[in-house]
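Heads up: the sequence lines are chains A and B, in that order. As numbered in our numbering, residues 39 to 454 make up the first sequence, in order. As numbered in our numbering, residues 39 to 454 make up the second sequence, in order.
Since the hints were derived computationally from the structure, they do not count as laboratory data. Wrong hints could be hidden among the right ones.
For chains that are exact copies, the list does not tell them apart, and a pair is met inside one copy or across any two.
[As the list claims (entries may be wrong)] Dumping the calculated DSBU-like pairs for lysine-lysine here, alpha-carbon to alpha-carbon at most 35 Å:
# : residue 1 : residue 2
1 : Lys106    : Lys289
2 : Lys289    : Lys314
3 : Lys374    : Lys401
4 : Lys374    : Lys314
5 : Lys289    : Lys269
Protein chains: 2
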Amino acid sequence: MPKINAERLLSDLRRFAQFGAYRTGVHRPTYSTQDMESRRWLAQQYESAGLQAHIDGVGNVFGTPRSKQRSLLIGSHAESQNHAGRLDGALGVIYGLEIARSFAEQPCCAGLPIAPLAWADEEGHYSSLLGSRSFVGDLTEDEIDRAVNVDHGLPLRQALRAAGLHDVPRYLVEPERHVGYLEAHIEQGDALEASGQRIGIVTSIVGTWQYSIVFHGVQNHAGTTRMAIRKDPGLAAARLSTTIADRFPQKAGPRSVWTTGRINLDPGAPNIIPGKAVMLFQFRDAETAVLERLDVLLRELVQEVAIASGCQAEVAQTEIGLPRHMDPAFQEAIEKSAARHAPGAYVRMPSGASHDAQIVGKKLKTAMLFVPSRGGISHHWSEDTSDTDVILGCQVLADAAESILRGDLGIAPGAP
Amino acid sequence: MPKINAERLLSDLRRFAQFGAYRTGVHRPTYSTQDMESRRWLAQQYESAGLQAHIDGVGNVFGTPRSKQRSLLIGSHAESQNHAGRLDGALGVIYGLEIARSFAEQPCCAGLPIAPLAWADEEGHYSSLLGSRSFVGDLTEDEIDRAVNVDHGLPLRQALRAAGLHDVPRYLVEPERHVGYLEAHIEQGDALEASGQRIGIVTSIVGTWQYSIVFHGVQNHAGTTRMAIRKDPGLAAARLSTTIADRFPQKAGPRSVWTTGRINLDPGAPNIIPGKAVMLFQFRDAETAVLERLDVLLRELVQEVAIASGCQAEVAQTEIGLPRHMDPAFQEAIEKSAARHAPGAYVRMPSGASHDAQIVGKKLKTAMLFVPSRGGISHHWSEDTSDTDVILGCQVLADAAESILRGDLGIAPGAP
Chain A
39 MPKINAERLL SDLRRFAQFG AYRTGVHRPT YSTQDMESRR WLAQQYESAG
89 LQAHIDGVGN VFGTPRSKQR SLLIGSHAES QNHAGRLDGA LGVIYGLEIA
139 RSFAEQPCCA GLPIAPLAWA DEEGHYSSLL GSRSFVGDLT EDEIDRAVNV
189 DHGLPLRQAL RAAGLHDVPR YLVEPERHVG YLEAHIEQGD ALEASGQRIG
239 IVTSIVGTWQ YSIVFHGVQN HAGTTRMAIR KDPGLAAARL STTIADRFPQ
289 KAGPRSVWTT GRINLDPGAP NIIPGKAVML FQFRDAETAV LERLDVLLRE
339 LVQEVAIASG CQAEVAQTEI GLPRHMDPAF QEAIEKSAAR HAPGAYVRMP
389 SGASHDAQIV GKKLKTAMLF VPSRGGISHH WSEDTSDTDV ILGCQVLADA
439 AESILRGDLG IAPGAP
Chain B
39 MPKINAERLL SDLRRFAQFG AYRTGVHRPT YSTQDMESRR WLAQQYESAG
89 LQAHIDGVGN VFGTPRSKQR SLLIGSHAES QNHAGRLDGA LGVIYGLEIA
139 RSFAEQPCCA GLPIAPLAWA DEEGHYSSLL GSRSFVGDLT EDEIDRAVNV
189 DHGLPLRQAL RAAGLHDVPR YLVEPERHVG YLEAHIEQGD ALEASGQRIG
239 IVTSIVGTWQ YSIVFHGVQN HAGTTRMAIR KDPGLAAARL STTIADRFPQ
289 KAGPRSVWTT GRINLDPGAP NIIPGKAVML FQFRDAETAV LERLDVLLRE
339 LVQEVAIASG CQAEVAQTEI GLPRHMDPAF QEAIEKSAAR HAPGAYVRMP
389 SGASHDAQIV GKKLKTAMLF VPSRGGISHH WSEDTSDTDV ILGCQVLADA
439 AESILRGDLG IAPGAP
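Can you make the complete structure from the sequences, with help from the hints?
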C-alpha cells in the first residue's frame, strides 16, 4: 500500500496558498497573475515527480506519466473564488500531486500510473466548469469568443492571450488512455461534521436547474396610485418566493434544495412602485425525476402569482445541469479504503455542489471523496479543514487509487 | 374678476419646457445649467411684470411686489425629475407668473399683490423639498454641508458654488408679510380623470413614513446547505412584503398606500444563500393616527417574520413626514372659484404625493389645486395634461387668489 508523505502534503498546501494569499484564505481568480504562477509551479512539481507537464489552451495543467499504461486522473481546480478559502479546489489538486509522487517513490506502486491535473475556472470567473468542459469536448470556440469575466468584463480571449495561452491547443479526453478520474474536495456543507464522520463517499452530484424569472407590472408614483389599481411586480416576486417556500416541500425530495439568490426591483426607489422585478432562482436534486417535477411546479406557481398580481411573467431557464451518478466500483474502492483508515467514520452522500467530476463523469468512470468543512463554511476566506482530516483524506484516496489501478490493470496487490 | 391670458400661459409653459427639453418632457435636474437658465429666465419675467426678482442662496426665485401690502405667494418648484414631464412643478410656477401679470394688467386687481415664486429641489436631486424647507427655517447649514447629488454624488456646496449661489443669502419666511401660499400641481394620479373631474381641491397632503428594514441571516452555499438549517434573510424580506400585503388592509385607512420599493439580497448571486437582505418600505396616509397604527403593525410583522425565519431584524425609520391639512378658508375660496368655472367637475381630495405646500403650510395659510394627469402618469416624460385643463386650472386659481386677497385686505370686489 502507498503511504503518503503527510508533512510534504501539508507543506505543499501551505505553499499553494501563498499564490494570492488573502487573510487565512486566497484570492486567486482564474488567469490572474497569481493563478498562472500557481499553475506554472504545479507544472514544475509534476516534472520533478517524473511526469510530463503541460498547460493546455484553457489553462488546465496535466501531469502525464511516461508509461504507456492507462493512467488514473486525480485532481480538482486550481483557482479560487474571490477572497475565499485555501482548500476549495487546491485540496484535490495537491492530493493528485502527492499521490503521484508517493506512487513514484514507493516500490509497491511505482508501476501504477497516476496522472495528476488541475482544471481551470471551475469557479466560473469566466464560465463555470470551463476546463473540464473543454476536456470532454463540451466547450465551443464560440463560447470562448463570447465569455467575459463576471467581475470586470475582460473578454476570455484577452485573458487567455494575457496568460500566454492563446496559441496553445486544448487537450481533449482520450477515453482509452485513462482508467478514470478521482476528485477529492472539501464538503462545503456541515453534514460530515454534524454527524461526526470524516470521509464522505459521493454517490452522485446533484443537478442544478436555474431560472431568471421576470415580472412586468406598471411603474407608478408610490403616493398617488391607489392600492386597488396597482400591478406591483415586486410584490409578485416576493409572493413567488414565499409560495415556493410553502409549496416546494410537497414535491421535493428529502435532499432537494432551492434558493432565491437575487430580487431586483426596477427602478428600485423607495417612492416608486417598481415596473419590473427580476428574480434569480435555482433548485438542486440528485434525481432527474425530482428536478422535472419541481420545474413543472415552479412554472405553475409563476403563473398563479402572475394572474393574482395582474403582472406578466417570463421564465427563462438559464442552467439545466443533470445529476451525475458516480461509478459504483470506484465508490466501493473508496469505501474499502475509508473502512481501513477511518473505521466507522465514513458515509455515502450526494454532493449538493457542482464539481468538475460531474463533467468528466460524462466520458470516464469517476468518483469523489469529501473531507469535512469546519462549520460547513465555504466560499469564504475562513473556510477550513483540520490537518488530520486533510491527511486522512489523501491516504484514503491513495489506497483507493491503488486498488482501482490494480483492478483495471490486472496487477495483484504488492506486485512490483 | 381677473381674466388670465390663456395664449400667454400656454406659450410660457412651452418656453419653460425648452430648458432641458427631452422628448415630450424635460430633463432639468436642480442646479444643472438648464435649471439655472430657467430660473434666470423666470426672474426676468418677474421683473417685466413689475416685480422685484431675487434668486436666493438655495436657488429659490422670488418675485416681490413693490407694494407694502401683504402679498399672496403662488408657485411650485422649477426643476424636474430626471427625464420626466414638462408640467410637474412648472405648471404651478408659470401659473404664479401668469396670475401676477394678469393682476398687474387689469384694473380690477392691480392693487392686489401677487408674489410668484419657484422653489428649488423639491424633487430631491440633493435633498427633498430643499427650497421650501430653507424658506421656513428647517434647513441647516450642516445639512447643506452633508448633502450630495443622489445620481452623481456632487456635494451640494459645490453645486451651489457652480451655480453662483454660494455667497447669496437664503430668504426666510416673514409671516407678517404674506397672506398665505397657493400651489397648483398636476395630480400625478388617476383619481380626477377616472371620475371625470377637472379640478381637485386638496384637503391635506399625506404624511410619508419610510423605513429601511434589514434582515441578517447566515450566508452559505446554495447547494450544500440543507433547507432545515437555513436562515435565509431574502426569504424573510419576501415574507415581510407579502405579509404586509395581507395584513395592512385590516389596519389601513381607505386611502392608505404602502410600497416596497427595493429588495437587495447580499451578495445577490444565484448559487449563494444571501447573508443579508435590505428592504426599502414606505406608507402614506392623511391621518397621523393611521400612520401610527401602521408603524406599530409594521414593527410587529417584522418581529413575527424574523422569529419565523431565524433571522435578526433591524428597523430604521428614515422619514417621518406628518400629514398637512390645507387651510379651510383657502380651500373654500378655490372651491367657489371651481364651482363658477367648472360646475360639477371639481372634488375635494387628499394629495398622496409630497409637495412644497406641506412645508410652507407650517408657517403660512396654504392650499393646493390639482389638474388631471392624463392616464395618471407622472415622473415620466410622457406625463401630460390637456391645454383646456391647464387653462381652467389657472383661471380657477386666479379667482381664488383674488377672493383670498380681498378677504384678507378687506377690499370689496371690483374696487380699484
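Comparing the hints with the structure gives:
1. Lys106 x Lys289: Answer is neither; intra-copy 50 Å and inter-copy 80 Å both fail.
2. Lys289 x Lys314: Both: 29 Å inside a chain and 28 Å across chains, each within 35 Å.
3. Lys374 x Lys401: within (25 Å within a copy, 86 Å between copies)
4. Lys374 x Lys314: neither (55 Å within a copy, 43 Å between copies)
5. Lys289 x Lys269: both (30 Å within a copy, 21 Å between copies)
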